[in-house]
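What follows is the residue order along each chain.
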Amino acid sequence: TWKGGPELTHPDGWRFKVRGRLQIDAGTVSSPRSFSDTGLGFSNEIRRVRLGAEGDIPGGFGYRVEAEFADNEVEMTDAYLTYGKGPFGVTLGQHNNFQSLDELTSDLFTSFMERAAFTDAFNFERRVGLSAGYRQGAFMANVGVFTDDISALTDDGNNSRSIDARAVWMPKFGDTQLHFGASGHLRDFGDLPGARYRQRPFIHSTDVRFIDTGALGATGEKDYGLELAAVHGPFHFAGETHWLQSELPGAADPTFFGGYAEAGWFITGESRGFKNGAWDRTKPLRSVADGGMGALQVNLRYDYLDLIDAGIVGGKQNGYLASLIWTPIAYMRLGLNYGHLVYDQARALPDGRRDYSVDSFGVRAEIDF
Amino acid sequence: TWKGGPELTHPDGWRFKVRGRLQIDAGTVSSPRSFSDTGLGFSNEIRRVRLGAEGDIPGGFGYRVEAEFADNEVEMTDAYLTYGKGPFGVTLGQHNNFQSLDELTSDLFTSFMERAAFTDAFNFERRVGLSAGYRQGAFMANVGVFTDDISALTDDGNNSRSIDARAVWMPKFGDTQLHFGASGHLRDFGDLPGARYRQRPFIHSTDVRFIDTGALGATGEKDYGLELAAVHGPFHFAGETHWLQSELPGAADPTFFGGYAEAGWFITGESRGFKNGAWDRTKPLRSVADGGMGALQVNLRYDYLDLIDAGIVGGKQNGYLASLIWTPIAYMRLGLNYGHLVYDQARALPDGRRDYSVDSFGVRAEIDF
Amino acid sequence: TWKGGPELTHPDGWRFKVRGRLQIDAGTVSSPRSFSDTGLGFSNEIRRVRLGAEGDIPGGFGYRVEAEFADNEVEMTDAYLTYGKGPFGVTLGQHNNFQSLDELTSDLFTSFMERAAFTDAFNFERRVGLSAGYRQGAFMANVGVFTDDISALTDDGNNSRSIDARAVWMPKFGDTQLHFGASGHLRDFGDLPGARYRQRPFIHSTDVRFIDTGALGATGEKDYGLELAAVHGPFHFAGETHWLQSELPGAADPTFFGGYAEAGWFITGESRGFKNGAWDRTKPLRSVADGGMGALQVNLRYDYLDLIDAGIVGGKQNGYLASLIWTPIAYMRLGLNYGHLVYDQARALPDGRRDYSVDSFGVRAEIDF
Numbered sequence: 001t002w003k004g005g006p007e008l009t010h011p012d013g014w015r016f017k018v019r020g021r022l023q024i025d026a027g028t029v030s031s032p033r034s035f036s037d038t039g040l041g042f043s044n045e046i047r048r049v050r051l052g053a054e055g056d057i058p059g060g061f062g063y064r065v066e067a068e069f070a071d072n073e074v075e076m077t078d079a080y081l082t083y084g085k086g087p088f089g090v091t092l093g094q095h096n097n098f099q100s101l102d103e104l105t106s107d108l109f110t111s112f113m114e115r116a117a118f119t120d121a122f123n124f125e126r127r128v129g130l131s132a133g134y135r136q137g138a139f140m141a142n143v144g145v146f147t148d149d150i151s152a153l154t155d156d157g158n159n160s161r162s163i164d165a166r167a168v169w170m171p172k173f174g175d176t177q178l179h180f181g182a183s184g185h186l187r188d189f190g191d192l193p194g195a196r197y198r199q200r201p202f203i204h205s206t207d208v209r210f211i212d213t214g215a216l217g218a219t220g221e222k223d224y225g226l227e228l229a230a231v232h233g234p235f236h237f238a239g240e241t242h243w244l245q246s247e248l249p250g251a252a253d254p255t256f257f258g259g260y261a262e263a264g265w266f267i268t269g270e271s272r273g274f275k276n277g278a279w280d281r282t283k284p285l286r287s288v289a290d291g292g293m294g295a296l297q298v299n300l301r302y303d304y305l306d307l308i309d310a311g312i313v314g315g316k317q318n319g320y321l322a323s324l325i326w327t328p329i330a331y332m333r334l335g336l337n338y339g340h341l342v343y344d345q346a347r348a349l350p351d352g353r354r355d356y357s358v359d360s361f362g363v364r365a366e367i368d369f
Numbered sequence: 001t002w003k004g005g006p007e008l009t010h011p012d013g014w015r016f017k018v019r020g021r022l023q024i025d026a027g028t029v030s031s032p033r034s035f036s037d038t039g040l041g042f043s044n045e046i047r048r049v050r051l052g053a054e055g056d057i058p059g060g061f062g063y064r065v066e067a068e069f070a071d072n073e074v075e076m077t078d079a080y081l082t083y084g085k086g087p088f089g090v091t092l093g094q095h096n097n098f099q100s101l102d103e104l105t106s107d108l109f110t111s112f113m114e115r116a117a118f119t120d121a122f123n124f125e126r127r128v129g130l131s132a133g134y135r136q137g138a139f140m141a142n143v144g145v146f147t148d149d150i151s152a153l154t155d156d157g158n159n160s161r162s163i164d165a166r167a168v169w170m171p172k173f174g175d176t177q178l179h180f181g182a183s184g185h186l187r188d189f190g191d192l193p194g195a196r197y198r199q200r201p202f203i204h205s206t207d208v209r210f211i212d213t214g215a216l217g218a219t220g221e222k223d224y225g226l227e228l229a230a231v232h233g234p235f236h237f238a239g240e241t242h243w244l245q246s247e248l249p250g251a252a253d254p255t256f257f258g259g260y261a262e263a264g265w266f267i268t269g270e271s272r273g274f275k276n277g278a279w280d281r282t283k284p285l286r287s288v289a290d291g292g293m294g295a296l297q298v299n300l301r302y303d304y305l306d307l308i309d310a311g312i313v314g315g316k317q318n319g320y321l322a323s324l325i326w327t328p329i330a331y332m333r334l335g336l337n338y339g340h341l342v343y344d345q346a347r348a349l350p351d352g353r354r355d356y357s358v359d360s361f362g363v364r365a366e367i368d369f
Numbered sequence: 001t002w003k004g005g006p007e008l009t010h011p012d013g014w015r016f017k018v019r020g021r022l023q024i025d026a027g028t029v030s031s032p033r034s035f036s037d038t039g040l041g042f043s044n045e046i047r048r049v050r051l052g053a054e055g056d057i058p059g060g061f062g063y064r065v066e067a068e069f070a071d072n073e074v075e076m077t078d079a080y081l082t083y084g085k086g087p088f089g090v091t092l093g094q095h096n097n098f099q100s101l102d103e104l105t106s107d108l109f110t111s112f113m114e115r116a117a118f119t120d121a122f123n124f125e126r127r128v129g130l131s132a133g134y135r136q137g138a139f140m141a142n143v144g145v146f147t148d149d150i151s152a153l154t155d156d157g158n159n160s161r162s163i164d165a166r167a168v169w170m171p172k173f174g175d176t177q178l179h180f181g182a183s184g185h186l187r188d189f190g191d192l193p194g195a196r197y198r199q200r201p202f203i204h205s206t207d208v209r210f211i212d213t214g215a216l217g218a219t220g221e222k223d224y225g226l227e228l229a230a231v232h233g234p235f236h237f238a239g240e241t242h243w244l245q246s247e248l249p250g251a252a253d254p255t256f257f258g259g260y261a262e263a264g265w266f267i268t269g270e271s272r273g274f275k276n277g278a279w280d281r282t283k284p285l286r287s288v289a290d291g292g293m294g295a296l297q298v299n300l301r302y303d304y305l306d307l308i309d310a311g312i313v314g315g316k317q318n319g320y321l322a323s324l325i326w327t328p329i330a331y332m333r334l335g336l337n338y339g340h341l342v343y344d345q346a347r348a349l350p351d352g353r354r355d356y357s358v359d360s361f362g363v364r365a366e367i368d369f
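Residue numbers (the working numbering), protein chains in the order written: chain H, 1 to 369; chain F, 1 to 369; chain Z, 1 to 369.
Take these hints with a grain of salt, some might be off.
Same chains, same names: a pair is fine if it fits in one copy or spans any two.
[Said to hold, decoys possible] For lysine to any residue, the following SDA-like pairs were computed, each having C-alpha atoms within a straight-line distance of at most 20 angstroms:
1. K283 <-> P11
2. K283 <-> L336
3. K3 <-> T105
4. K3 <-> G62
5. K85 <-> L228
6. K172 <-> H204
7. K3 <-> E54
8. K222 <-> R33
9. K316 <-> D344
10. K85 <-> W326
11. K222 <-> D355
Just so you know, these hints were derived from the structure itself, not from any lab.
Use the sequences and the hints to build the structure in full.
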């Protein structure tokens, strides 16, 4: 079979596929009140470029390894083994720790160039761990214990650890797919305390952050989130809320909050792909190779992030986002993205103002195999 | 089909191929007037080791991603998407910006271990950009706008930009393939001025440079080149000239110059591969697997580089090069290379002399897939 | 054919296979006499994650390139070309320089998580070089000249060099496979003297070393080793001794020594794979995919390393190791490892004691393709 690239199989149950992706970005961020920073204005980058492989091994085993080479550095993303039997599954290695619907959706299938502001701000990332999953009908649950990511583990004094869990109920009522999810996370930084919560103005090719708690001496984190989504014909809705409490020794523990609500419409009539408690690939009804125009999708999102609590004033960001995504053929997308970001108590400008707004605009071309 | 490695295709128009190459070098550089430097004498290295993938997507799309791992570091080379329709094509991402015939020829098909001295000296490299191409019969033209390479773009204050264009006319008169090319390049370094022009004594495993302008506070560059080539039976000729004007604020703008003329002969009767305005793979008439001796090619080149102008004294290099390349079977080459390099007003030796010569000798074994 | 992943071939004699492996480790090291160090206690890591390719080219040629991405860094392991004709073979590029049976055995086939203590302590590694091999019946010999590894060669002043040789006689007497080997190595560090000999307490996810000579101003090394192994039905035995003399200018040259003896038993009846003078893959008689329980192997090893001689007091390590390895199906293994390590004249603890012991425990899950 062909999935962007060839997937090879053997009658005994072996499967092998080379994996890769390429995302090319450009964008602009306006200057609030003529504030000057090298990261404002136009910027561009190769957002992601990955090579890897995945496969199945007879007996219920599987694996995925994938390396990210953006910025001309190596960062392993997935590096895990799996075992599955009936409704049960186990995953060992570096993998996602069940943070949120938006984070668990592949960046190839998200409705905007960048995920909800809270996902980066709360430092969601893949970590090395062992997790178990259960899936029966419309119910799915995962729970795992994790240490840290591959880079952080090069310090053999890193003894951070977390327990992470998520449950999803995704019933189908008539033609409407629903998704209800909840996740909880408890993390102890061990002997290496410290955390920082911040976020870019929507696009990633800039390194400017207008909201930022600065470095905090956090010794751990508790966070939990709620997820709601629905697909009905060419329409979809998704919304999430996520709370993160940062444990500060000798001080009140601040709780930061983020969330979003989005709605999308496939003008060309497709229905947004959804599988296993996350958004999945949407194939055009008539691709350009079939003489059609591919799939055209419009999305609107309100994205909120509040990094102010208990004396920590990292700022608030209200994001009003819109995207137009063209999928000429499956495994390829081009997207236009716009964000109007309104800041409160954010980074002070030279004139002392901390309430202002910026406009971000971004384009992405991407393929995967 | 098999192209060094397997190329897999799907009837709908999909194509996928894993790419890679390995080049293993060793060489020597003689010491001018007994000058001692750790980079002189014998040196060796893995010159290039790459892994990547390329493919086609139905509807006229394509992609290539390739990572270079020489020196145990990552450097993405090609990372681009393409679209083609009839004579028109578009390329988006990191790719070559149409600098010169020698630079645009894959290092797998060049007639010497290293390209003409001006190509490195003038800092030719792949950059992220968007370009358009047109090809009709013997005429081909490309024009593009580029920012910078992937590493340089990690600085979000990098706002350098260039416009690059090249036109080629490659008529065939009887049995003789001709190539006439011209390219022009205009680059603005934006807020990050600075450039340095220098070159190694032919082989790459040393880091010694006898000619070097040192760091200049350049704010931009204009460069343009002319190309001429011909293939007739087992013989080929190629010549190029390239001028680079470096814009120095508050000083006269120096114009540096490089060029070469080369002639080659396939003793075993092959005709040098040529395609789309660049040198291409040459397959032996009778490979060693067919009981033959493969292809044997001799090449001579005069290679000139002048880094002296308008008060900048980087030195001049006159290179007299010879190579013998054995291609036992397509996708594999072994090369012997010799260079006699004569320097004027170059790096001063301890005795104060700036005019001297060195001899370089290099061998390379390479495969690709 | 399928070898963990698909191996593609062409009737003309071409062969191509994508290669990769993933090893996920966790372990603990006990604290000697309540000594505290961040590397003691629990630690975990992605031990190895590799992607690469290998192939054959008609006419007797072949190649392998493989990149290691553990710790989110690139380190090329194999990067070589081969040529073979009848009993003769040549290898060019970065490859193993015939150090010892344990080192030459792929980490996918070793009987413990980590190789014998002397292999790391004596800095065995792949280096760039040219070697020749001869294999006739039960006799095999290799000899080569090498410079340094890819990272070290980025310094063009690196002119270290070595000559390395190994001979093996591996007769089969009835049902018993025997292996007798000897290797010798002579290395000159050239203009970059300096060496350090040390070793971890068995598992690799910690960076603690209790034995360590510290940095020595060595100008070269002579080392040589003896190898003995046998396989009879489900039983195997292996033993090696290795001496390394470090050349210290202006001082007596210390000779360090390491060795081990191990015995193993496949409870499930398999016979340990052995090929070309090294341990090879063992396929379960009845894999879990065939309704069996896979292969179960127990191993015991005594592992000795003495870094004390001629006034250099790096310490001694006596290791008593046990492992249990489950191979549910070929190309996949899970291992439990225990080591009791007894130290003499080792790193001084805060109370001044230099004789103590630690217990190490390690688990590994691994797949390759």
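My question is about K85 and W326: at a cut-off of 20 angstroms on alpha-carbon distance, are they close within one copy, between copies, both, or neither? Between copies, since 19 angstroms is at most 20 angstroms while 38 angstroms is not.
Between K3 and G62, at a C-alpha cutoff of 20 angstroms, which is it: within one copy, between copies, both, or neither? both (17 angstroms within a copy, 15 angstroms between copies)
Is it within, between, both, or neither for K172 and H204, if the alpha carbons may be no more than 20 angstroms apart? Neither: 35 angstroms inside a chain and 49 angstroms across chains, both beyond 20 angstroms.
Between copies, within a copy, both or neither: which fits K3 and T105 at Cα up to 20 angstroms? within (18 angstroms within a copy, 32 angstroms between copies)
Go through the copies and call it for K85 and L228: within, between, both or neither, with a Cα cutoff of 20 angstroms. This pair counts as neither: shortest intra-copy Cα distance 28 angstroms, inter-copy 43 angstroms.
Up to 20 angstroms between alpha-carbons, please classify K222 paired with R33: within, between, both or neither. neither (37 angstroms within a copy, 36 angstroms between copies)
Intra/inter-copy verdict for K316 and D344 if alpha-carbon distance must be at most 20 angstroms: within (5 angstroms within a copy, 60 angstroms between copies)
When Cα atoms must be at most 20 angstroms apart, do K222 and D355 count as within-copy, between-copy, both, or neither? Intra 29 angstroms, inter 44 angstroms, cutoff 20 angstroms: neither.
Are the CA atoms of K3 and E54 at most 20 angstroms apart within a copy, between copies, both, or neither? Answer is both: 12 angstroms inside a copy and 14 angstroms across each meet the 20 angstroms cutoff.
If the cut is 20 angstroms between Cα atoms, do K283 and L336 qualify within a copy, between copies, both or neither? This pair counts as within: shortest intra-copy Cα distance 19 angstroms, inter-copy 45 angstroms.
Regarding K283 and P11, is the shortest C-alpha distance of 20 angstroms or less found within a copy, between copies, in both, or in neither? between (28 angstroms within a copy, 18 angstroms between copies)
When held up to the earlier numbered hints, the structure conflicts with 5, 6, 8 and 11 and fits the remainder.
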